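A.B. asks: Now for the letters of each chain:
Protein chains: 2
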Amino acid sequence: MTDHDPKRDLVLERYVAVPVEKVWAAWTEPELILQWFTPAPWKTVECKIDLRPGGRFYTLMRGPAGEEHAGDGCFLEVEAPKRLVWTSALGPGYRPNPVQHIDLSFTAMLDFQPKGGGTVYTARAIHGTEAAAKTHAEMGFADGWGAALDQLVALMSRA
Amino acid sequence: MTDHDPKRDLVLERYVAVPVEKVWAAWTEPELILQWFTPAPWKTVECKIDLRPGGRFYTLMRGPAGEEHAGDGCFLEVEAPKRLVWTSALGPGYRPNPVQHIDLSFTAMLDFQPKGGGTVYTARAIHGTEAAAKTHAEMGFADGWGAALDQLVALMSRA
Numbered sequence: 002m003t004d005h006d007p008k009r010d011l012v013l014e015r016y017v018a019v020p021v022e023k024v025w026a027a028w029t030e031p032e033l034i035l036q037w038f039t040p041a042p043w044k045t046v047e048c049k050i051d052l053r054p055g056g057r058f059y060t061l062m063r064g065p066a067g068e069e070h071a072g073d074g075c076f077l078e079v080e081a082p083k084r085l086v087w088t089s090a091l092g093p094g095y096r097p098n099p100v101q102h103i104d105l106s107f108t109a110m111l112d113f114q115p116k117g118g119g120t121v122y123t124a125r126a127i128h129g130t131e132a133a134a135k136t137h138a139e140m141g142f143a144d145g146w147g148a149a150l151d152q153l154v155a156l157m158s159r160a
Numbered sequence: 002m003t004d005h006d007p008k009r010d011l012v013l014e015r016y017v018a019v020p021v022e023k024v025w026a027a028w029t030e031p032e033l034i035l036q037w038f039t040p041a042p043w044k045t046v047e048c049k050i051d052l053r054p055g056g057r058f059y060t061l062m063r064g065p066a067g068e069e070h071a072g073d074g075c076f077l078e079v080e081a082p083k084r085l086v087w088t089s090a091l092g093p094g095y096r097p098n099p100v101q102h103i104d105l106s107f108t109a110m111l112d113f114q115p116k117g118g119g120t121v122y123t124a125r126a127i128h129g130t131e132a133a134a135k136t137h138a139e140m141g142f143a144d145g146w147g148a149a150l151d152q153l154v155a156l157m158s159r160a
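Residue numbers (the numbering used here), protein chains in the order written: chain A, 2 to 160; chain B, 2 to 160.
For reference, chain A alone in the conformation it holds in the complex (with noise of 0.2 Å):
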């Protein structure tokens, strides 16, 4: 649907070995999302979903040293199992964020595609910029996101 621009887009696709129906409720229940979502040694100490278009996605991280970094977005498109899209650009009910220092703002574009009894899981950051792509890159994206999803398939994988 969006066209893709690799300069502006980060991506991170794998085959996990989860269904897409837990795939999805790791995504849309917080206290799943406490136990997987920020790579470790960072926790994920709050979460607050209201599952709708508009509708609240709140984080707030912890860091080992007690720095707290917290995030408030909001869903656009939410299509159980298979697609979950969500901008940090934007806040509960579409009220835009105020800008920060360093525009990180970006939307997260979710599809999970079943797939002999897992799932393909592709996750694209999207943002306004190069610029914003390429710190986003240099924060860790990659590593960051894909450790991220460890956690996820350990804790699904248990479940």
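Calculated from the structure, these hints are not laboratory results. If you're wondering where the values come from, they're calculated on a predicted model, not measured in any experiment. Among the clues, some could well be false.
Each pair may be met inside one copy or between any two copies, as identical chains are not told apart.
Within a straight-line C-alpha distance of at most 20 Å, the following computed SDA-like cross-link-like pairs (lysine to any residue) qualify [to be verified]:
id	residue 1	residue 2
1	K83	V121
2	K135	V100
3	K44	E68
4	K116	D104
5	K83	P54
Given chain A, put chain B in place with the hints provided.
C.D. replies: Frame of chain A; chain B shown alone:
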């Protein structure tokens, strides 16, 4: 649906003697947008509309001295003929728009309620900060959106 915040929202509410379906047409057909959207002496000289969530809402405005202002927004909710939501914070495909040097991002929520052959027309501009709302107000939100609505009414009363 959205929690209204009088410090960050600007609101224009007015009864207009134009049926809801014609108000909807005026807002969603590019050839009509060109005729009313921008208060004179400015004109809207181009408009592209892809009327679905994630779709493009593009306008190019031109001033009397030839100066131009382009806006590339994104539709969020499309419920003909009574509710239209779009934002300037995102572009087509939900891609965040690059941050401007002045933060004027807003989400426009338009509600059209039928009443006695006309329409209760409510337009809300929702900002991320009080500063953005104040800047937008000082730039002439009330007069500008009101004058544009006058032009919509004049146009659609002829149609």
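A.B. asks: What are the numbers of the hints that this structure violates, sorted from low to high?
C.D. replies: Hint 4 alone not satisfied by this model.
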